[in-house]
Every structure is written in structure tokens, then in C-alpha cells.
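> Those protein sequences? They're chains A and B, same order as listed.
Going left to right, the first sequence walks through residues 1 to 304 as the numbering used here numbers them.
Going left to right, the second sequence walks through residues 1 to 338 as the numbering used here numbers them.
These aren't lab readings, by the way, just hints derived from the structure by calculation.
Check before you lean on any hint, since a few could be wrong.
Claimed, not checked - Label pairs and their in silico Cβ distance ranges:
| hint | chain 1 | residue 1 | chain 2 | residue 2 | range |
| --- | --- | --- | --- | --- | --- |
| 1 | B | 62 | A | 56 | 57 to 63 Å |
| 2 | A | 199 | B | 224 | 27 to 33 Å |
| 3 | B | 226 | A | 121 | 44 to 50 Å |
| 4 | B | 55 | A | 56 | 57 to 63 Å |
| 5 | A | 156 | B | 41 | 22 to 28 Å |
| 6 | B | 176 | A | 169 | 19 to 25 Å |
| 7 | A | 196 | B | 181 | 51 to 57 Å |
| 8 | B | 226 | A | 293 | 39 to 45 Å |
| 9 | B | 190 | A | 93 | 39 to 45 Å |
Think of the CB as a built atom: it goes at the ideal place given N, C-alpha and C, for glycine as much as any other residue.
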Amino acid sequence: MYFLRRLAYMIPLLLIISAVTFLLVHLAPGGPFDKEHAPASPQIKHNLEAKYHLDEPIWKQYLRYVGNLAHGDFGPSLKYRDHSVTDIVRQALPVSMLLGWLAFGFAMGVGLPVGFITALRRGRWQDHIGSILTLLAVCIPGLVVAPILVLVFTIKWRLLPVALWESPFHVILPTVALGLYFAGKIARLFREGMLNTMQMEFVTAARAKGLGENSLLLRHAVRLAVLPVVSYSGPMLADLMTGSFVIEMIFQIPGLGGFFINSALNHDYTMTVGLAVLYATLLIVLNLLVDVAYMMLDPRVKYE
Amino acid sequence: MSDGKVDSSQLRVDGPNSSDRSTVDPQASMSPAKRAWRRFRRNRPALFSTWFLAILLVLVLAWPLALKVASGSAWAKSHAPEQLSDNQFHPPSAQHWFGTDEHGRDVLSRVLYGAQISLLVGFVGALVSLIIGVLWGAIAGSAGRTLDDIMMRIVDVLYSVPSIIFVIVLLTTVGETLKRMPAIKSSPMMSKDLRLFILFVCLGAVSWLTMARIVRGQVLSLRSRPFVDASRALGASPSRILTRHIIPNVFSVVIVYLTLTVPSIVLYESFLSFLGLGIQPPMASWGTLLSEGVEQINAIRIYWWLIVFPGGVLVSTLLALNFLGDGLRDAWDVKGQS
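The task is simple: from the sequences and hints, build the whole structure.
Below, the structure is given as C-alpha cells:
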């Protein structure tokens, strides 16, 4: 019930978001046809504007836009005029999504084991080394990590391709550059979660009853200790989305980030608003999924 | 930061808090400010970060002065941040510690000038977020149930919206509008300042949410404390309670969180400038320097100093600011959201 209501909240929320971005992009002086290759005559420009209904009052344009959106139609792109926004999204979204999920997987795949080991070996050398490494990972932003990785792995050692998005080898550096920060963050959260959980009474009780250490750790403690990581994944997914703007730019990956920035700079109204709505939808849905996961892991939590 | 300065600010901040400390520790005879200062001083990373930031600040401020004083000399000529020369892509040397870039400009000088912008945006942006956040949180916390619900629901909604989208749209819209205003077209100086101003406001406008939540929580919990009840029973007006009891007690939390907001805004700015949306050339910030460094990546030569030095200074500053914030939090024993 709670989740249905949250889904229902999404609709007014998306309406507000689309209205605000719509208004903002239309408020900017200049139009999508200012930077044409040949200076368009006033007549041509007028015809173009009429074709895309840009000559109507703004509220009418907005209603038309929302009406189309309700049918799943994001409208035509004003900059890439042979393509609809849906076309471009269909092309670029999978790339961005793949990068995002790979980075997410990398962050979890590296962060959780590191957090686990540093917590178990608390105060020993594994813990010290792990803590220093995770601190570094957390403090070096992607826009510094990525160029350094490129310099070392592709220019100096010539192991991996510089840029683009073609073979599995092309995927490695962007994934690491994007995921490193989150790996560090997850390792720290999970370490803290494990340490807190190991001090709880149910752990002592389970030990006293003779439960094996392995089954205690893996089946009982981890489940509770992972909760801070789960609740962090909501903001993390949002940051993965934004972080990928820079990574996509450095590695020249044809994802959504570049399209969004260009559309904002070029007054590509439909594209900017469409992508804003898309990003917001993704974020809201992912956050909802995170809450579902949280509830499944921790039966004490009940959403009202 | 000198010892005396830190101490006095803590006195002011922590003084009113003394009445509601329930923990008794061996240092109970000391004033809370002294205790906080002792804890802070024992925190090596925080102390080290304070020194690092102080030195950086002095360098950033003294560098332009030194260039001005020595103007005319060969050293000043080769180190002016906008001075083009034939000495391109010179690796770090005794003359150019951080090397030179594609136009033969001294990278150290550019990093220090870029620091001015980056730090300015960080501090002013954080102040903007402080003002919005504290006002919002204080009003929500002290107003009635309905208004509180509405205001915090708005915060929840904004949390679920990707802020970067709004910042980008806002920056391009406001930037374009200003670019076309006749008064600004005629004066490049003014457009430069305005550009910065927009950046402050935009970044502050998307960073106040956590501050608002923290302040509201504090205000709510303070309102039900006995000393506030006592004051109310003695006939103090709501505005007096707010200014005399609530605000001074919220102060330490706010300062701690402010210190932690600065690095996030510095990072945000470098991120936007890296994408070409924030600071525009000829102005430089750490973000634009990094993006220039990335542009020079090629398969033949490695100009590592164009990336490592601006990136290194950016990272150490972020690190230092975070350590400082954590140190203040531990010293004041503030329990808020991290």
C-alpha cells in the first residue's frame, strides 16, 4: 500500500519537475534555431517555429508537451532534427545505464569484501592498509582519478584503450574511475556496520549457544551490517548518474550526459525537459527499490 | 588560524551550551570551550589540516601581492598567470615548480589563482546554503505542525530531484539572459563578477537541504528542553527564546556542518567548470585547470603535471576541509547527520 502511494506521488512530482524545467529553458533568451549552419531567413525560422509550435503561448506548449508525454512521446529533438528524443534516449540510455550498473557492481564487489575484512581484522595491518586505501578512494574525485588512470594505463603502459565505448577493454577504466569513490564509501560503511553488529547482544547470544563463527558472520551479522550500505545506495545511484557526466566526457562515451549538457547549451527544449524528467523518474524509482530492499532485509522496518 | 582565534570563537559558540551538558568527565572543572579545544588539539589530522589550509590561504593571498611587488622583474614576468610565453609544456623545474602549460603559463601561478576562485565559490556558496538552510529549518522547527509538515515535505521532494539537472538548466538560462543584457555586454568585468555570483547562488540553492533538516531537528529538540520551558515560564517572548536560547545552541552544529559543506561545494564547482558550465576562461578554477590538462592528453607526450598538480591541490584541500569538519564535530561532541 505504502509503495503504491509513493508511486502515485510520482505523478504530481514529475509534473512539477517538468513544469519548472520547461519554464526555465523557455525563459532563456535565444532559441534552438539560432546556431544553424546557414543564417536562416526570418521566414524559414518562422516556419520552423510554427512546425514545432514554438510560436504558441508557453502554457499551451506545456500542455501539449505533457499530453504527448502521457503517451510516452518525448517529442522531436530540436537540435538533431531527424531524431526524436525517444530515439536518442533509446540509443544513449543503455550506454549510461551499463556504465552506471558496472560502476555499481564494481563498488559493491570491491567495497563489501574490503569492509568485511577490515572489520574482522580490526586494528591489525589489514585494517590499517584498508582504511588508508578507502580514505584515499573517498577523497579523490572522479575528475582527478580518471585522467590519472588514463595517463598511467593507456599512455604510459599502453594496456588499455584511451577512450570510446567499443570492446570490453574500453569499459574497464571508466568503470573503475566512476566506481572507485563509491567502493571506498561502501567499504567504510560496511566496516562500521559490521563492527556495530558484532557488539550486539544477539551475536553474543548466538555465540553462547554454540553457533559456528562462519554461519554467525555470514548468515546473521552481515544481514544487519549491510543496512547502512543499502540505505546509502539511494543517494549513491543519484551520484552515479551525475558522476557519469564527467566520466562520459573524459572517455568520450556516447551516453546521456553529453546529450543533456549539449541540449541545455543549445536550447534544445524538448530534449532538456525530456532528459530531466527521465533522470527524475529513474531516481525516484531507484529510491523506491532501495526502500523495498531495506524492508526485506530488516523486518523491523515498517513503512506507513 | 592562531590559537587565540579558535579559542575565542569556541567560547562564543559553546558558552550557552554549558547548562545542558549532562555528562560528567574528569575535565569537568574546565570550561566547555577549553575541553573542546583540548579534544581538537589532540586530533592530529584535524590540526594538520588546519595548518595546511592556513598555509594554502596565505599562499593564495600573498602570491598576487608578491607578483605585484616584484612587477617588472624577470621572475614576476615569467610567473604572471596570464603571461604567454614560448616556454610551452615545460616539465616542473627550479624555475617553474609545477611546470608550464600549452601557452607557456606557469602552472603553480595558475593553480594559486584558481584557488582564489575555487575557495571563494566554496565559502560563499556554503554561506548561501547556510542562510537558506538555517532560515528554513528554524522556521519549520518553530512554526506549527502544518507549516512544518509542508516545509519538510518540500525538502523531501527536493531531495528526490537530481540537483545537477537544475543547476545546469539554471546556469545556462541565467547565463544566457545576462549575456544579452546591454549593460553587461559593454563591460566584461561585470559579466565576470556576475558569472561568479550566479554560481554562488545556484550552488548554494541546491546545497541547503541537509542543513535545513539538521537545524529543524535541533530546534525541535531544544524547544522541549527544561531551560527553554523555564524561560517561557518566566515570561520570555518567543522571539527572545529564539534569539537567546535556540540560535546560540544551534550554532555549533551549524558551524560544523558548514565546514563540511564547503568541500562539497568546491567539488561541485570544479565538476561544473570541468564540464564547461561553471567558470569560463580567462578566469580559472581548479576545475577548468583540470579540464585543460585532460584536453592535453595525447598518445605521444605525457604532460602529467597539468593534471597531477591541480588535482593534487584540489584533493588535499577537500581532504583537509573534511578532516577539519570532522575534528570540529568530535571536539564539540555534535551528534548530527554526517
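> Confirm or reject each hint.
Verification of the hints:
1. In this structure, residue 62/B and residue 56/A meet the distance hint of 57 to 63 Å, their C-beta atoms being roughly 58 Å apart.
2. The hint said 27 to 33 Å for the Cβ distance between residue 199/A and residue 224/B, and at roughly 30 Å that hint holds.
3. Under the hint 44 to 50 Å, the C-beta atoms of residue 226/B and residue 121/A, about 46 Å apart, fit the expected range.
4. For the pair residue 55/B and residue 56/A, the beta carbons lie near 59 Å from each other, so the given range of 57 to 63 Å is met.
5. Between residue 156/A and residue 41/B the beta carbons are some 43 Å apart, a value that contradicts the proposed interval 22 to 28 Å.
6. Evaluation of the 19 to 25 Å hint for residue 176/B and residue 169/A yields a failure: the beta carbon distance comes to about 41 Å.
7. The supplied range of 51 to 57 Å is met by residue 196/A and residue 181/B, whose beta-carbon atoms lie about 56 Å from each other.
8. One distance hint, 39 to 45 Å for the beta-carbon pair residue 226/B and residue 293/A, holds here, with the actual separation near 42 Å.
9. Separation of residue 190/B from residue 93/A is about 41 Å and conforms to the stated range, judged on CB atoms against 39 to 45 Å.
In the structure shown, a violation is registered for the earlier hints numbered 5, 6, in ascending order.
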